[in-house]
Each structure stands twice: as C-alpha cells, then as structure tokens.
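J.: Sequence:
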Amino acid sequence: MENHPGKVILMPETDSRGDLSRLIGDFRAGLSLLSRLPLPPPASFPTPPAVWAWPLAGLVLGSLAVVLAQLALGLGLSAGLAAGVFLAFGALTTGAMHEDGLADTCDGFWGGWDKARRLAIMKDSHIGSYGVMGLILVTLSRWSAVSALLAVGAWPALIAAAVLNRAPMAALLALMPNARGTGLSQSVGRPAPLAAAVAVLVALALALIFTGFAALPMALAVLGSTGALAAVAHAKIGGQTGDVLGASQQLGDLAALAAAVALLT
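Position one of the sequence shown corresponds to residue 1212 (my numbering), numbered consecutively onward.
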C-alpha cells in the first residue's frame, strides 16, 4: 500500500504461499493419477489436469525403481534380473495401466475394421493376439535396453527416460481430440497446448540434469515415437483415448531407452 496526499493506493500483492501450495497440490494430483503409491489423495484434482507435473511423477517412480534395481545389483543379481526388478516395480506402482493401454491400442487398431469396432475392442477388457504381441515385443525390448544400461552403470538414463516418457501423454491429451467422447482421458479434461509445452520443457530440463546433452537425442526419439503413434491414431480412430495415452508412454519409454543405449553403451 502506498500513501499519497489525500488518497490511498492499494498495490497488488502476490501470495507466494498460495502459489507453492498450488504447485504441491498439482504434483500430488499428478502422482495420484499416474501411480498406485499409497499416498493420501489431494483435496481435489485440477480440471483440466496440471500436466506440467506429470514428468515429476515420472521422476519419483523412476528414481524408486532405480534404487530397487541398484539394490538388486548389490545383492549379486545379474543386470538382466535387476532389469526385471526395475520393470516389475514400474508396472506395480502404476497398476500396469500404461501396459494395459498399449495392449488395448494394439488390439483395437489392428483388430477392428472401422472406428466404431476399433473403439469397442479397445474398451473390451479381454486381450487379443495383437495386444499380447505388442506387450511381449515392447516389454522385451525395454528389458533388453534396461539391462544394457544397468550393466554399464548408466542408471541416470533410466530416470531420464522415466521423466521423458510422461510428456507424450500431456502432448496428445492437449493436441488431439478425444475419439470416444467418454472415458478417462475425456473425464480429466483437455489441457491447453501451453500446459503441454510446459510439461515437455519440465521433462527435458530434468532429463538434461541426469544425462546431460544425451537427453536431446533421447527426447528426439520420444518425439518420433509420439508423432508416429499420433499419426496412426488419427488414421484409425480420429483422435486419442486413455489407451492411446498409455501406449504413448510405453513407446516413448522404449524410444528413450533405445537412444540411451546407442549413446551410452
């Protein structure tokens, strides 16, 4: 507040505590949405979701998985078995919802002959041959990459990949229309493109901290996998669904890990 002769002018004040509380709330909401960690849920979930915090959820989950993998190595397990621990922990802490999305996307995109049938297949809880093959191929490829990185001590790349692979979900949710009009991706709301851009920048900044400039080729690989998936999703169902978002995380993870293996091993 400023005093002048004969009048009082109220100057706007920033509520730094309120801003911090909102940021913490966004982070808690993102971690609650994207994981099954036994955490107290936030008082409310922002709508649309605060997608900028999704890479931070990846940071937490990826770091915990790396700690367990390093403990496995310290107990004398091979890099291959430690990689299995890493992937198993990731699936358990997310409820395997990303893997489920990948399987449903494979089944729907290649098991249906038109949009309506593809969406119906994706909603079906049963898994078909395309879903099985998609899960096997992607999971085996991820396991191979994680094993190679653990064998040479390049564990920071695993955290960088866990951060980068959450950005595609934010981008597709913001930039593509919902193909079904119902479901999880519809219910959480559609964030603004600027919010998705912030998520990408947060993911890239964190990846740079862990892997240096190796993060740039890893991010480009994720961009390529996301662009390819978006093109196929547009052609097959005219947009995105929660399953497509899950598939983008799995494919983005594989792309980031593959780039890291090429650069660091």
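Careful, some of the hints might be misleading.
[As the list claims (entries may be wrong)] As a list, the in silico SDA-like pairs of lysine to any residue whose alpha-carbon atoms are at most 25 Å apart:
| # | residue 1 | residue 2 |
| --- | --- | --- |
| 1 | Lys1334 | Arg1247 |
| 2 | Lys1334 | Gly1323 |
| 3 | Lys1326 | Ser1246 |
| 4 | Lys1447 | Ile1338 |
| 5 | Lys1334 | Gly1438 |
| 6 | Lys1334 | Ser1246 |
Note that these hints are calculated values from the structure, not bench results.
J.: The structure should be examined with respect to each hint, and the outcome stated for every one.
T.: Quick rundown of the hints versus the structure:
1. Lys1334 <-> Arg1247: holds, 21 Å
2. Lys1334 <-> Gly1323: holds, 12 Å
3. Lys1326 <-> Ser1246: violated, 30 Å
4. Lys1447 <-> Ile1338: holds, 19 Å
5. Lys1334 <-> Gly1438: holds, 23 Å
6. Lys1334 <-> Ser1246: Holds, because 21 Å separates the two Cα atoms, which is no more than 25 Å.
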